[in-house]
Amino acid sequence: MRYTPHTASDRERMLQAIGLDSLEALYRHIPAALRERAKIDLPQGLSELAVQKRLSVLAGENASAGDWSLFLGGGAYQHFIPSAVDAVISRSEFATSYTPYQPEVSQGTLQALFEYQTLICQLTGMEVSNAGVYDGASAAAEAVLMSRRIQPASRRRVLVSKALHPQYRAVVCAYLKNLQDIALEEVAYDGSGATDVGALTARLDDRAMCALVGYPNFFGVIEDLAPIQSACATSGAQLITVTTEPLSLGLLKPPGDFGVDIAVGEGQSLGVPMNFGGPAFGFFACQKKFVRNLPGRLVGETVDADGRRGFVLTLATREQHIRREKATSNICTSQTLCALGATVYMSLLGKSGLRRMAEINTVRAHRAQAMLTRQAGLAAVFTGPYFNEFVLRGAELEKLFENCAKHKIVPGIALERWYPELRDCFLVCVTEMNEDEEVERLVGTIVE
Amino acid sequence: MSEPSSSNPRSLAAEPKLIFESGSAGRSACLWPLEGGEVAELIPAALLRRDIAGFPELGELETLRHFTRLSQRNFAIESQFYPLGSCTMKYNPKVNEAVARLPGFAQIHPLAPVALSQGAFALLHELEAMLAEISGMERVSLQPSAGAQGELTGLMLIRACLTERGNPRKKIIVPDTAHGTNPASSTLCGYDVIQVSSNEHGVLEAAAVEKAMDETVAAIMITNPNTLGLFETNIEAVAAVVHARGGMVYLDGANLNALMGIAKPGHMGVDVLHMNLHKTFSTPHGGGGPGAGPVGVKNHLADYLPVPRIVKTADGFTLEEDSPKSIGRVRSFFGNFGVLVRAFAYILALGSDGLADASRMALLNANYIRKNLEKHFQLAFHEPCMHECIFIDRLQQRSGVSTLDIAKRLLDYGYHPPTIYFPLVVSGALMIEPTETETPETLDGFIDAMLAIAEEAKNDPELVKHAPYSTPVRRLDEARAARKPVLRWEPPAANAAS
Amino acid sequence: MEFPEGLKYSKEHEWVLVEGNTATIGITEFAQEELGDIVYVELPEVGEKVVKDDPFGAVESVKAVSDVYAPVSGAVLEINDILPDNPETINDDPYGDGWMIRVELSDTDDLKDLMDAEEYAEYVQQQKENDEEEDEDEEDEDEEPEDEEDEDK
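Chains as they are written, first to last, in my numbering: chain A, 1 to 448; chain B, 1001 to 1498; chain C, 2001 to 2153.
Please note that a few of the clues may not be correct.
With a straight-line Cα cutoff of 25 Å, these simulated DSS-like cross-link-like pairs (lysine-lysine) come out [unchecked claim]:
(1) K1094/B x K53/A
(2) K1094/B x K162/A
(3) K2063/C x K289/A
(4) K2128/C x K1465/B
(5) K1298/B x K177/A
(6) K326/A x K2011/C
(7) K326/A x K1484/B
(8) K288/A x K2063/C
(9) K2049/C x K326/A
(10) K1484/B x K289/A
In silico negatives: residues of chain A with every beta carbon more than 12 Å from chain C [unchecked claim]:
(11) Q44
(12) A50
(13) A170
(14) A379
(15) Y419
These are calculated hints, taken from the structure and not from any lab test. Glycine residues also receive a C-beta, built at the ideal position from the N, C-alpha and C atoms.
Construct all of the structure, not just a fragment, from the sequences and the given hints.
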């Protein structure tokens, strides 16, 4: 049978060695009533070729970035991934190995994760990073839970910017709903597209636990973290930044430089394909003093019996397999291979390449915005500075999108479903993968 | 044992540098030209950073060589036998890798209009149905990113349902054999944990559960087969006891590889379960993920499933985004789609007969190993095991050799050790799960190695106690790593200053 | 194994040195041996109240965490500040430099429940024998003859 190598004579020999007369004897102790109803009602297995064909048909029914012009961001980004990244993560030594509980034979994964942790620290300007969590949204939720472990019980109010990614806000809400002591409050954004600092400051008192702000936020606006951090610090609340587009950190002042307590985000932009939203990984970094409250795995440096440098999973007493119900989180399997891909990506681009890629994104997005507002009759909605995403207002959005689809273009993400006040507005993302000619075609299609 | 020759920096055993310790200023393997624009005119200077201090600066070959060399310091399924109990380290089919990389799956955006992703939704919808059929459940959500997130989701569903009935209750019953994620997930869901002991045969008894069960208990979390590799023979009686007092039954499906075509959790009184696609359904472990932990429920919990949900209509697939009773979302977008594609391809390839065969061969392989080792290693239990068997180090401890030592010595024989010291109810557990994709010859080789180590433990215990010798590094000082955590590289100047 | 006279001992393997109304508290040699290499110590803050039989801190090895229980009630006067950076001191000198906290006793009656050195030494001996007995019981179970036919039922 598929993937099981046993021949009839293999089975016979093995059954004989065990002392049983049939395969059924292996599970005869299971209640008959269960065994009788256990048949799986699915079609017969397909050959490898048939599987390929079937999947190709399904894949062919989706609008892929190579085929369509996608101006889509909103937490998933189309970026150039050097071929070397996939070459590395396709290596079976990385792809088919287990969590590195036996460090002597997992130094490849462990060292790569140690490098990953370092790169995230450097990128975010923070002091310590874990080895990754599921995604940016659950990272945001885990960050709030971490703040809850650190802050005293008198502080249980969580302030979330309305300009934070709506799905992230939903996940934070779902995670916190089960803990009776937390109060979640939303803080409005202002005309610049950034969090209303005055409104935020007004809610920061001695009962505030933490504030969550996107950086850049869901509208693509680069929030000014300085006054936000200052207000938080004054009131004793922690500031958590959430970055859905970490390529921006190749260019922007990193959260660490502002004195942020916890910096999390989505790592997909760093060398992981969009994959229809997953898998990628969530990155999670914080100040050193909070390290024992970090969720997720941590890789540390040490030496072996002969004095050689080596790496191990460490501070494991925070984790579920030791601390059980008192663990910092329940996370076990994470997103290691994706984090490894990001490590390779960041290593390939390097100091100058990453900054340059971020610059290209900035320049292209701003050029596109100028063209769309001047030539296509669309209006910029927010005034704040932005990286590679911006919000535009148009008329009859449904028709506009329909028209674009005929030309295999998706001009952006309509915002009404999350922000009813932003009817006829859509979020446009322009990266290094959107050629100038694509933008011209978009303009042409809208003007038609 | 001979020592690896690490003195030659080009030898395979040589200690690699860190990526930050290589390269040269100004190098990059991917530096695009900047045309037609000045960033300084577009973003205020106060928002711009200085260059990233310490970031790597390498060429492309340098980088590839670095990571290739690192990969050579890893064990992996494709190089070594990996009998990790409760991890199901089966073959990760290459065809799954190929199809997951199709641009129509890898290059599609989750927020594109639904009409433009019909193939993706068709795949997800069909996968939901497949997993429901295999597990005997009625509805499935593919959103959770891993088993532990599946557990949290399942508990949230229970909580939402009980809340609607009037009282979410306060506690979850967890057996002493449970995986650590079970109590951790319970806490995350706002529940206290009460532990119930398994009996001397390693399984739960209805009477013991009944004693712990009352109207303050929301649910029991059971693993079946449990972490001892034993079928929870009393599961239906246990479920009845819990249901009688208004509680629900959560099944941790980590060991589903023992049950396909043999028994369906949906018939055992289970209300909600999770499955681990990176275990039972062959998606690669990746050194620690990504995985996927879909949940399956009976209809009475369907209203609470996460959104968005995929709905099949006459005009194709649509998404149900708003559902007032839903617990909401546990992660962004649709889950680990790329992992789901791989599992889908696997189930297509095996089909009904192949899945049933997989479980039977998993049981055959585990029992074969057990039979061949039981005269030289102490079995933890004599009950029939399913897809994994557990030994303890009782016999070897007579000469001072522990489970840890046996595990480390196995590395020298070229095998990844079994799971050790789990579950905690057994002292010095050595949990072996070969999976169905291993040949009898591989099993024989492993058995021979274990028998050799048993001999060594008797005649030369010191040899075993200081293993491994032939791995890239020897035993590592974990106490040092925990006392003085060094969690990142720092440039030398910083070190000199401290 | 050492059981210094002049100290009092609790069932949870803590020791207490009473000087006037002050009690110095640590964990015993038996406890540190069971734990293995200690990598981290969680201590209360000065001024905090500790309550008899409640945990006041924790001791971590690489693979385990153990709560440390207050053998007496009182207010924390001092904590041993070398422990954060040198937790292994508890392994090296559990009764001396490895002391954990110093409290002001709130009720000297608490001391009545504690054991003296001789009683504690006996208690430890009993613990070790219990562990061996458990092992033997398991061995007896395992020595039951195996009947292959049973597995087919």
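Each hint tested on the structure:
Of the supplied pair hints, the one linking K1094/B and K53/A holds, its CA atoms being roughly 15 Å apart against a limit of 25 Å. Simply put, K1094/B and K162/A have alpha-carbon atoms about 43 Å apart, too far for the 25 Å limit, and the pair is violated. For the proposed pair K2063/C and K289/A, the alpha carbon gap of about 22 Å is at most 25 Å, so the pair holds. For the hint pairing K2128/C with K1465/B, the CA-to-CA distance comes to about 24 Å; that is within 25 Å, so the pair holds.
Annotation: proposed proximity of K1298/B to K177/A holds, straight-line Cα distance about 23 Å (limit 25 Å). Only pairs whose Cα atoms come within 25 Å are accepted, and K326/A paired with K2011/C is accepted, the gap being roughly 24 Å. Taken as a hint, the K326/A and K1484/B pair is honoured in the structure, with Cα atoms around 23 Å apart against an allowance of 25 Å. The straight-line distance between the Cα atoms of K288/A and K2063/C is roughly 22 Å, inside the 25 Å bound, and the hint therefore holds.
Taking the CA atoms of K2049/C and K326/A, the gap is near 22 Å; set against the 25 Å cutoff, the hint holds. Proposed proximity of K1484/B and K289/A is supported: the alpha carbons are some 13 Å apart, at most 25 Å. Separation of Q44/A from chain C is adequate, the least Cβ-Cβ distance of about 31 Å exceeding the 12 Å criterion. For A50/A, the non-interface assignment is confirmed: its Cβ lies about 39 Å from the closest Cβ of chain C, beyond the 12 Å cut-off.
Chain C leaves A170/A outside its interface by the beta-carbon criterion, the shortest separation being 34 Å against a cut-off of 12 Å. Every CB of chain C lies more than 12 Å from the CB of A379/A, the least distance being 57 Å, so the non-interface label holds. Distance check on Y419/A: its Cβ is at least 45 Å (rounded) from any Cβ of chain C, clearing the 12 Å threshold; non-interface status holds.
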